[in-house]
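Based on the hints, put chain B in the right spot on chain A.
Here is how the chains run, residue by residue.
There are 2 protein chains.
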Amino acid sequence: MAEAKIPKATAKRLPIYYRYLNILFNAGKQRVSSTELSEAVQVDSATIRRDFSYFGALGKRGYGYDVESLLNFFKKTLNQDRLTNVALIGVGNLGHALLNYNFRQTNSVRISAAFDINEEIANTIQSGVPVYPMAEMKEQLQIQQIDVAILTVPIDDAQKVADELVAAGVKGIMNFTPIRISVPATVRVQNVDLANELQTLIYFLDHYGSEAANQSTTD
Amino acid sequence: MAEAKIPKATAKRLPIYYRYLNILFNAGKQRVSSTELSEAVQVDSATIRRDFSYFGALGKRGYGYDVESLLNFFKKTLNQDRLTNVALIGVGNLGHALLNYNFRQTNSVRISAAFDINEEIANTIQSGVPVYPMAEMKEQLQIQQIDVAILTVPIDDAQKVADELVAAGVKGIMNFTPIRISVPATVRVQNVDLANELQTLIYFLDHYGSEAANQSTTD
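Residue numbers (our numbering), protein chains in the order written: chain A, 20 to 238; chain B, 20 to 238.
Excised from the complex, chain A in its bound form:
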């Protein structure tokens, strides 16, 4: 199936669809309607049908979608059949939690190396992941051909470490620090600003009350 460039909003929903289809498949379910999908993933069914239409007509009227073929299709689209190794920079409280976080629900992403300046944990294994000293970051990222990094260093080190990641050839950074890092246009940054998320939630509660609830970082 030829894959056209799909809208960003659609692309962001793909992992959500994928995860739910995986649950259905493991539960032995063979087909699913867009209404059922809609209720489970909290996306309206018109949007689901439009999203799916970008990949060709995958559903049949009166039958819905075949779970297994839909799942296989998304697996290919999302490269779920290929493991992406990711580095974690900064093994503080949040870094530790992320080492234990179940990124592998879909078996496609794994934190395979971590880095920290703290000499007490450098050269140890934490939650199954080797922690290297920061001085070895560039070399290890290149040897291990890792081009995606999760940034959980203190705010004052964020830009400096980001510069080093760029120099090491990293192409994508998931930035958990509250500052906006500057990177060349060739590097993609996904900002995850937890304080901002919480503040936004509270702002919306105060100003919009109950109307149009259910925000999401992935909508």
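Worth flagging that the hints you see were computed from the coordinates, not collected in a lab.
There may be inaccurate statements among the hints.
[What the hints assert, rightly or not] Chain B stretches covered by chain A per the calculated footprint, using a threshold of three residues with CB under 8 Å from any CB of chain A:
hint : segment
1    : 28-35
2    : 59-65
3    : 188-198
4    : 212-226
[Stated by the list, open to error] Heads up, simulated BS3-like pairs for lysine-lysine below, C-alpha to C-alpha not over 30 Å straight-line:
hint : chain 1 : residue 1 : chain 2 : residue 2
5    : A       : Lys27     : A       : Lys94
6    : A       : Lys27     : A       : Lys95
7    : A       : Lys179    : A       : Lys157
8    : A       : Lys79     : A       : Lys27
9    : B       : Lys179    : A       : Lys48
10   : B       : Lys27     : A       : Lys27
11   : B       : Lys27     : B       : Lys79
12   : B       : Lys48     : A       : Lys179
13   : B       : Lys48     : B       : Lys79
Backbone N, C-alpha and C define an ideal beta-carbon position, used for all residues, glycine too.
Okay, now just chain B, sitting in the frame of chain A:
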């Protein structure tokens, strides 16, 4: 100043502007241009000017924006002069990290109570925050008048705990579990799905490469 309903996309950028203005103010800076702001917060200056225009004409041509008055304005808009107490449900790895996370950068949000079923940490104080047993959740939320909760329980408990939060009168839930919880339309949910964020980053790297980099959960 009368405050009209502003677009959601604008509302989501307010905490970002606020944080940067705070940094400028603390550094003794008295004015800032939309170009400077743009570079710092990685939002284009036309968007910044449009965002600010919803609040009335705050900038002066050839002068830029007065940092202190802009800051005071945002402080009021974002209720930064009022402390919001928030509960954390589930003190596992991620919950622990969030207790230590600096939500208080802007002094307006504080995790003031935590809840866990683990008897070893219930009735202790973790990172300065009292941890109550789950059985006391409803009562404590009502006594402490907390209506915003951060949900970091295991996936299998998420919906049950969400139902209990709703029954306790909670109006906003920041959901860190990978499932989409069902709540009444009167309750707002902000989903923070870290695996999904990472998968989206990788998907965009694979399919869009370097074009249009710098994604954000808050864009």
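Hint check:
1. Counting residues of the segment 28-35 of chain B whose beta carbon lies closer than 8 Å to any beta carbon of chain A gives 5, which meets the minimum of three for the stated coverage.
2. With 3 residues bearing a CB less than 8 Å from a CB of chain A, the segment 59-65 of chain B meets the requirement of three and the coverage assertion stands.
3. Only residues whose beta carbon comes within less than 8 Å of a beta carbon in chain A count, and the segment 188-198 of chain B has 4; three or more means the coverage holds.
4. Here the segment 212-226 of chain B counts 15 residues with a CB under 8 Å from a CB of chain A, which clears the bar of 3, and the coverage holds.
5. For a cut-off of 30 Å, the pair hint linking A/Lys27 to A/Lys94 stands: about 18 Å separates their Cα positions.
6. Between A/Lys27 and A/Lys95 the alpha-carbon distance is near 18 Å, which keeps this suggested pair within the 30 Å criterion.
7. For a cut-off of 30 Å, the pair hint linking A/Lys179 to A/Lys157 stands: about 13 Å separates their Cα positions.
8. In summary, the hint linking A/Lys79 to A/Lys27 is supported, as the alpha carbons are separated by about 25 Å, within the 30 Å threshold.
9. Between B/Lys179 and A/Lys48 the alpha-carbon distance is near 23 Å, which keeps this suggested pair within the 30 Å criterion.
10. Distance hint between B/Lys27 and A/Lys27 is fulfilled; the C-alpha atoms sit about 18 Å from each other, no more than 30 Å.
11. Restraint check: the Cα-Cα separation between B/Lys27 and B/Lys79 comes to about 25 Å, which is no more than 30 Å; the hinted pair holds.
12. For a cut-off of 30 Å, the pair hint linking B/Lys48 to A/Lys179 stands: about 23 Å separates their Cα positions.
13. Between the alpha carbons of B/Lys48 and B/Lys79 the distance comes to roughly 16 Å, so the proposed pair stays at or under 30 Å and holds.
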